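Student: One letter stands for each residue in the lines below.
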Amino acid sequence: MANNNDNFDHVIVKKPSVGQRMFKYRYFYLMFIPVAIVLLVFYYWPMLGIRYAFSTFKLKQITLRTGPDYSIGLGNFTRLLSSDPFHAAFKNTIVLSFINLVLAMVCSVAIALLINEIQNAWGKKIVQTVLYLPHFLSWVVAASIFMLILSAGTDATGADTSNTGFINAILLQIGILDKPVDFLTESKAWPTVWYIMNRWKETGWGTIIYLAALSSISPDLYEAAEIDGAGRMKQTWYITIPSIMNTILVVFILNLAKIMNVFESVFVFYNSLVYDVSDVIQTYTYRVGIVGNDYGYSTAIGLFKSVVSLILVSASDIISKKIRGYGIV
Amino acid sequence: MKKNVFKRFAAMSLAVVMVTGLAGCSGDEATFTLDGGDPNDLPDEISLMADTIITEENGLQDFCDEYERQTGIKLSIEKPDHAKYYEKVTLSFASEEPADIIEMGSTYYPELANSGALWDMTEAWNNSTSNCKKIIDEDYVEALKINGVLYGFPMAAGNGTITYVRDDWMKEAGLSNPKNYDEFINMLRAFKARGQGTIPLTSSGFLNNGETPYDIYLREFYQDAIPDFYKDEETGKYVDGFAQPEMKEAIQRLRDAYQEGLIDAEIVTNKTSTCRDKLGSGLVGAFNYWAGMWSLKLQRSMNEGQLKPIPPIEETGGYTERVPTAFAMSIYAPNKAAIFEHFLMFSHDGGEGQMLFTHGVKDKHYTMNADGSATALPYYSDPDNTVEKAIYAPELTITEWNDPIPLDPMVKDSLEEFRKNRVFASVPIVRDAIAENLADLNVVKDVVMANAVTGKTTVDEAIDYYNTKGSYYANAILEDLNSEENLKAEEEALAGATGGSASDEEAAEE
Amino acid sequence: MKKKFNLINPQYAPRSWFVLFNTLFFVFLMAAMIIPIFKIFCDSMVNETVYGLKLIPKGFDPNTGKEVWFNTIAYKRIVTDPGLYKPFLISIYTTLMTTFLGLLISTLGAYVLIQKDMPGVKIFSYMLLFTMIFNGGLIPTFLVMKNIGLLDSLWAVMLPMSMNVYNLVLMRSFFEGIPVSLFEAAEIDGCTPMGIFVKIVLPLSKAALASIGLFFAVAAWSEYFHYVIYIKSSSKYNFQYKLRDLFQDKQEASEGTKINVNTLKSAAVIVSIVPFMFIYPFCQKYFMTGVTMGAVKE
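In order, the protein sequence lines correspond to chains A, B and C.
The numbering of the first sequence is my numbering, which starts it at 83 and goes up by one.
The numbering of the second sequence is my numbering, which starts it at 41 and goes up by one.
The numbering of the third sequence is my numbering, which starts it at 245 and goes up by one.
Just so you know, the hints here were simulated from the structure itself, not pulled from any lab data.
Small disclaimer: the values here were computed from a predicted structure and weren't measured.
The C-beta atom is built at its ideal place from N, Cα and C for all residues, glycine as well.
Be aware that a few hints might be false.
Between beta-carbon pairs, the in silico distance windows are [as the list claims (entries may be wrong)]:
#, chain 1, residue 1, chain 2, residue 2, range
1, A, VAL184, B, GLU223, 52 to 60 Å
2, C, VAL271, B, ASP504, 20 to 28 Å
3, B, GLU251, C, ASP396, 29 to 37 Å
4, C, ALA276, A, LYS403, 35 to 43 Å
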């Protein structure tokens with residue numbers, strides 16, 4: 083498949099010369115100018131700051147006078163890689179956000195397909211509006227709701243259960259538990275609860291893009307399939323899913339690039355009893371950043387994150403090329 | 041494939057070339073001076089960045105106008121969002137355009153002082169002839185000195201936390217104020233016996249969210265343990281307080297109380313606001329929180345019940361008073377000595393200036409009564425409440441002056457109780473080695489405390505965990521603190537400071 | 245049942261089972277979404293701190309001294325706060341501008357990127373994707389803003405937000421779905437690239453424009469961090485910022501004696517959701533109708 087693509091490129095290159103093609107597309111270059119300006123000024127210009135990753139750049143009188151000191155070379159990186167909490171945070175970041183990403187994809191696509199099956203226009207409207215609502219709550223609010231619902235109460239001996247949250251109260255009532263469980267301080271339970279909170283807040287919102295893609299599928303395709311005698315399941319499998327596959331992959335890969343950025347949802351929800359499973363790179367950076375205004379070190383962490391993202395995205399791009407014949411770039 | 045690599049490379053180099061072209065003009069040299077200049081050379085305009093001051097909606101501009109009327113200096117104030125205040129401060133230094141005067145909390149003050157971004161105002165203070173010098177409580181100024189150098193001037197007392205208990209519950213149980221730890225625990229047991237979801241004592245976290253002093257919210261349990269680095273007076277060397285036997289005992293006390301159900305089981309996940317909510321809902325028996333204005337606020341938040349501050353139990357040796365919040369001056373500020381006199385000294389002058397900085401503008405924020413006393417007026421935006429303060433909290437004033445607006449008796453009581461028993465905290469030590477390792481070390485400490493207290497591990501296991509996981513960072517910090525270079529520098533600085541204050545006294549006599 | 249491509253055979257039993265299951269599923273799902281939000285709604289009216297799940301919008305009104313249903317004291321406080329009127333307008337202005345600029349940049353960029361034969365198009369798309377992964381960080385970006393004189397200007401908030409690679413690439417994937425034959429037909433008719441863009445691409449992408457426009461609008465509406473970093477004058481803060489400031493202030497100082505802090509916060513959360521309820525129906529129309537992309541058969 084990859085070969086096909088190359089051949090195709092090859093043939094086109096042979097026809098008109100580069101100059102001719104540039105002339106043909108002259109209006110497109112014009113159209114790209116606004117994009118290019120914003121891109122260069124607000125994204126590429128600040129990138130010069132990446133050089134601070136190789137420097138000692140702190141709020142120091144000496145730094146203010148003479149600028150960052152580049153003599154440490156890779157010092158920030160050796161410091162980073164020798165830190166135990168950083169290793170744990172790196173592992174947690176990958177595990178938490180990757181599983182969350184896969185869950186997000188599966189849940190949003192499934193629910194988008196089901197919403198698409200609702201025939202009643204009003205019903206559809208109400209369902210969508212309600213499912214989007216949690217997206218508008220901030221993470222702090224979402225986390226405090228979950229903490230309240232999941233609370234194990236305020237008595238460590240478990241004898242007095244008057245302050246337990248909704249979930250524990252139900253589980254105690256029907257006899258599944260004989261003592262309240264604090265889901266938020268149990269390392270085994272915390273990731274699951276975090277995934278559920280993320281899905282609660284973002285699944286509905288995540289369906290928007292798939293619903294838009296679904297609405298772009300030509301009705302002709304279904305009519306044709308119906309004539310061929312394909313049932314509902316078959317239509318979904320052979321028409322709907324392939325039609326939105328491109329969107330699914332693009333969303334997946336784009337989100338893969340953001341995988342290292344998970345922060346606020348963890349920050350408002352974690353605690354010291356579950357650091358082993360919950361501390362992620364950004365929360366770690368936050369704590370380090372609070373103590374010292376060490377721009378060099380924090381830029382180094384940023385650069386490290388970027389390199390990992392780059393590897394992930396390139397890998398998925400290559401996989402996408404293998405499977406579909408073309409990548410996303 | 042090869043072509044792709046080439047294209048990527050081409051894209052990146054194109055971007056780099058373009059960007060370098062764009063950035064060609066940046067990188068000019070910063071301008072600042074460390075010289076204070078002539079104290080009488082008034083600037084036309086000064087800028088202030090502050091956090092805990094009256095809001096725009098409630099007449100910040102009126103404050104500035106009144107300040108200009110009184111001093112002839114135009115004042116511009118920037119009041120960033122509270123939650124992001126320190127990001128804004130560091131950003132302003134990064135842009136090399138910080139405000140002239142900047143409010144600094146105790147956690148950040150030593151850090152910025154250490155970075156050299158703050159102006160050394162020791163000399164200006166020593167040479168000042170203002171009224172402030174006569175009426176101020178010098179302890180607060182001393183509390184801000186780092187190795188004898190003053191980088192910021194106290195705005196108000198640092199204040200600290202005091203233990204509040206439910207007076208009505210105490211009376212019901214026939215208890216008097218606990219004098220020692222055993223009586224304290226018995227009091228909590230009596231609260232516990234009330235049942236119905238009563239939380240004998242609540243708190244948020246074990247180490248005060250990584251801010252010094254770490255032990256303030258749980259004084260009764262820490263007692264003589266210091267979960268931080270400190271200088272051992274006998275040997276003259278620094279030690280890691282967390283690794284000392286006192287700390288192990290403190291963890292054991294917390295653990296026992298927690299396992300008995302005397303401490304809020306949600307202590308690990310609580311925020312201070314959660315604790316206040318629980319207290320307000322009438323669930324909590326004892327809560328260690330800020331003295332002063334908060335005593336009134338906590339009481340008002342409660343639908344029923346009576347709170348009272350209690351004296352410290354004998355094992356604790358008192359409540360800790362935080363390092364005061366300070367107004368520091370950036371090295372970029374112009375006419376520093378003049379600003380020092382006409383802003384900082386003016387604001388603590390015991391007269392017009394202090395009234396403005398404490399209560400705001402006459403007839404806008406307060407009004408004078410016929411008998412010479414004054415009354416606070418309601419907020420512009422909130423007619424139900426009266427103005428508490430403009431910039432300096434009246435109850436935390438650091439000078440001897442007759443405030444025409446009397447304090448609420450409840451605020452006064454809690455402060456008196458607190459001040460009778462306070463111990464001043466010292467400015468946190470800042471060194472590069474600490475900045476680099478403390479965050480990692482604090483993670484280990486948090487985990488150790490949480491696991492040991494909630495019973496996930498035994499205390500011994502927790503201490504072992506600290507010794508294996510934390511020693512790397514702790515040793516790096518200790519090595520740096522106990523390096524000859526550091527100890528010697530501290531000694532010299534202290535010697536210099538004593539010399540300085542001696543000559544200062546001479547100057548005062550003249 | 246009146247849908248154009250309704251394929252249901254009413255006698256087809258499994259389909260009915262499916263509809264029943266689907267309905268029950270969504271009822272359950274909506275309950276799961278709505279109960280916690282309803283809880284906030286109730287909290288915004290109780291005017292006291294409650295532990296646990298109290299789901300009755302009823303509370304104590306200090307003016308009358310009675311428990312009343314739908315106690316709106318906290319809402320009145322928010323609406324009458326003089327500091328909130330202008331920020332609300334700023335929010336609307338920046339949201340509209342960011343959405344417009346964002347859609348302009350995403351559609352232009354996406355339209356250029358689907359030109360497979362255009363020399364340099366691959367470089368453009370690498371340059372775009374590269375920024376998703378690498379960025380200069382807070383301090384360097386701040387210094388750039390300072391150098392180009394955008395500090396304390398709303399442009400410093402709107403311009404960077406209007407360029408969102410994620411949205412641009414999504415837009416591109418929509419555009420890729422437009423049959424090539426349409427472009428070819430238009431080109432033969434003598435349309436210029438701009439003409440094709442305005443007459444064919446945009447009208448065919450209503451669903452994409454609506455959804456991506458919504459993404460921009462919501463991001464701009466809930467933006468907060470850029471204001472913290474770049475804006476100094478308090479007259480330029482937006483609603484979200486003021487709401488947060490209001491929270492902070494209520495906690496730190498002048499805590500109301502009559503309105504519970506938690507109640508005020510809950511009311512503020514509800515208020516911040518409301519504008520979306522107005523925007524949403526306008527966008528939803530475009531998801532529902534579908535796009536007649538099958539006009540030209542491939």
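Student: Taking the Cβ atom of VAL184(A) and the Cβ atom of GLU223(B), is their distance within the range 52 to 60 Å?
Tutor: holds, 56 Å
Student: In this structure, is the beta-carbon distance linking VAL271(C) and ASP504(B) contained in 20 to 28 Å?
Tutor: violated, 53 Å
Student: Just to be sure I understand the hint, the distance between the Cβ atoms of GLU251(B) and ASP396(C) should be within 29 to 37 Å; is that true here?
Tutor: Given range 29 to 37 Å: holds, Cβ gap about 30 Å.
Student: In this structure, is the beta-carbon distance linking ALA276(C) and LYS403(A) contained in 35 to 43 Å?
Tutor: holds, 39 Å
Hint 2 from the list above is the single one not met by this structure.
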